[in-house]
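Engineer: Sequence:
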Amino acid sequence: MADPLRPETLALHADAGLEPSPDVAPPIHLSTTFDADNPEGLVYSRDEQPTRRRLEAVLGALEGGGTAVVYASGLAAVTAALLHLQPRRVAIARGGYHGTHAAIDALARLGVEKVPLDAPVGKGDLVWLETPRNPTCEVQDVAAHAARARAAGALLVVDGTFATPALQQPLALGADLVMHSLTKFLSGHSDALGGVLVARDPALGAALRRGRTVGGAVLGALETWLVLRGVRTLGVRVRAQSATATRLAEFLAPRVARVWHPSRPDFPGRELAARQMRGPGPMLAFELGSEAEARALPGKLRLFRDATSLGGVESLVEWRRKVDPEAPPALLRVSAGLEDPEDLVADLEQGLRAVAAG
Numbered sequence: 076m077a078d079p080l081r082p083e084t085l086a087l088h089a090d091a092g093l094e095p096s097p098d099v100a101p102p103i104h105l106s107t108t109f110d111a112d113n114p115e116g117l118v119y120s121r122d123e124q125p126t127r128r129r130l131e132a133v134l135g136a137l138e139g140g141g142t143a144v145v146y147a148s149g150l151a152a153v154t155a156a157l158l159h160l161q162p163r164r165v166a167i168a169r170g171g172y173h174g175t176h177a178a179i180d181a182l183a184r185l186g187v188e189k190v191p192l193d194a195p196v197g198k199g200d201l202v203w204l205e206t207p208r209n210p211t212c213e214v215q216d217v218a219a220h221a222a223r224a225r226a227a228g229a230l231l232v233v234d235g236t237f238a239t240p241a242l243q244q245p246l247a248l249g250a251d252l253v254m255h256s257l258t259k260f261l262s263g264h265s266d267a268l269g270g271v272l273v274a275r276d277p278a279l280g281a282a283l284r285r286g287r288t289v290g291g292a293v294l295g296a297l298e299t300w301l302v303l304r305g306v307r308t309l310g311v312r313v314r315a316q317s318a319t320a321t322r323l324a325e326f327l328a329p330r331v332a333r334v335w336h337p338s339r340p341d342f343p344g345r346e347l348a349a350r351q352m353r354g355p356g357p358m359l360a361f362e363l364g365s366e367a368e369a370r371a372l373p374g375k376l377r378l379f380r381d382a383t384s385l386g387g388v389e390s391l392v393e394w395r396r397k398v399d400p401e402a403p404p405a406l407l408r409v410s411a412g413l414e415d416p417e418d419l420v421a422d423l424e425q426g427l428r429a430v431a432a433g
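Residue numbers (our numbering): 76 to 433.
Simulated from the structure, these hints should not be mistaken for laboratory data.
Cβ coordinates follow ideal geometry from the N, Cα and C atoms, glycine included.
Accuracy of the hints is not assured; some may be wrong.
[Claimed, not checked] Now the in silico label distances, taken between C-beta atoms and shown as ranges:
#1 Leu80 / Ala318: 38 to 48 Å
#2 Glu366 / Pro95: 19 to 29 Å
#3 Asp216 / Gly186: 24 to 34 Å
#4 Arg225 / Ala177: 23 to 33 Å
#5 Thr288 / Pro95: 22 to 32 Å
#6 Glu366 / Asp341: 14 to 24 Å
#7 Asp193 / Glu389: 36 to 46 Å
#8 Asp112 / Arg322: 51 to 61 Å
#9 Val388 / Asp112: 36 to 46 Å
#10 Pro97 / Arg330: 47 to 57 Å
#11 Ala183 / Ala328: 16 to 26 Å
#12 Gly291 / Gln161: 53 to 63 Å
#13 Lys397 / Arg225: 17 to 27 Å
#14 Gly199 / Pro97: 48 to 58 Å
[Said to hold, decoys possible] Listed below are the simulated SDA-like cross-link pairs for lysine to any residue, each with C-alpha atoms no more than 25 Å apart in a straight line:
#15 Lys189 / Ala222
#16 Lys397 / Ala222
#17 Lys375 / Ser265
#18 Lys189 / His173
#19 Lys375 / Ala282
#20 Lys375 / Asp341
#21 Lys198 / Pro277
#22 Lys198 / Ala226
#23 Lys189 / Gly249
#24 Lys397 / Glu424
#25 Lys189 / Arg169
#26 Lys375 / Glu346
#27 Lys375 / Ala421
#28 Lys397 / Arg345
#29 Lys198 / Ala278
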């Protein structure tokens with residue numbers, strides 16, 4: 076038996092042979108409908124289409140062989156998981172991606188109860204883990220929560236958007252379902268919305284795919300192709316961005332009130348991150364001395380874009396409370412891009428000086 080392929084190779088070859096085409100670069104299939112009795116078994120693009128098959132094959136392989144189902148956005152994937160699994164209770168930590176909390180809260184009228192992450196769970200319940208957690212990169216123990224959920228008859232969903240499959244594989248640690256916002260690092264170029272669920276159980280994956288056909292939140296043809304093109308370079312991008320984030324955290328540590336990045340010696344859960352992930356990650360956060368300083372800094376920077384979202388090739392900085400009222404008032408979130416890290420350091424240095432000068 077051949078040795079298993081490594082992630083960088085899977086990103087390029089996991090979809091090989093899925094469609095008869097001499098094209099080296101996958102074509103974009105725009106058709107919404109297909110000839111009857113075609114050998115590919117295609118009928119209507121809301122059900123399946125060739126480019127989507129390719130993307131799902133690659134994403135499933137990157138997560139260790141799970142069944143991938145892609146959606147029109149990350150939040151569409153979150154909602155699809157909640158609607159399909161129909162939990163009585165969802166155990167989730169405070170903080171993290173505010174959209175997930177909004178989706179759970181919206182389902183309260185259907186009888187879904189949101190409880191703290193460490194609350195007792197039972198059969199039919201759902202444990203929702205975000206690791207690393209937005210915006211402070213805090214790391215949760217996937218294997219421990221998987222064992223806890225399994226013992227109680229509950230299911231574990233892991234949002235791995237900050238880590239990507241390049242750094243972390245929750246299914247191998249016992250998770251039942253992994254969710255990613257494709258909009259972020261997997262697409263990697265800030266030009267396509269998307270989401271994905273990857274199921275450890277093929278039957279769950281097939282059921283989610285049927286539910287997507289009924290729900291209609293399919294990923295468009297162009298977005299599918301853009302994400303597929305982006306994911307080909309996921310490994311090299313995330314490695315470089317993680318190295319840059321580490322350099323920025325090193326520079327900032329003696330100059331700001333606090334830095335949040337798994338590379339730092341004082342980071343809570345640093346040992347867990349080293350055990351669970353294959354690198355410290357491309358995201359970081361830091362706190363300045365006051366809210367006023369945090370609000371001012373993005374406007375003083377020249378290379379960092381003052382924008383929400385994350386995972387593109389350009390570096391972004393955001394005063395997080397602007398979009399998330401739960402965020403600490405002086406906290407800024409950084410998505411490290413592919414610029415030369417020393418240019419980014421110089422930009423932060425002049426920006427901090429400008430803020431200090433008033």
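Engineer: Failing hints, ascending?
Structural biologist: Of the numbered hints given earlier, those the structure breaks are 1, 2, 11, 12, 13, 16, 19, 20, 26 and 28, listed in rising order.
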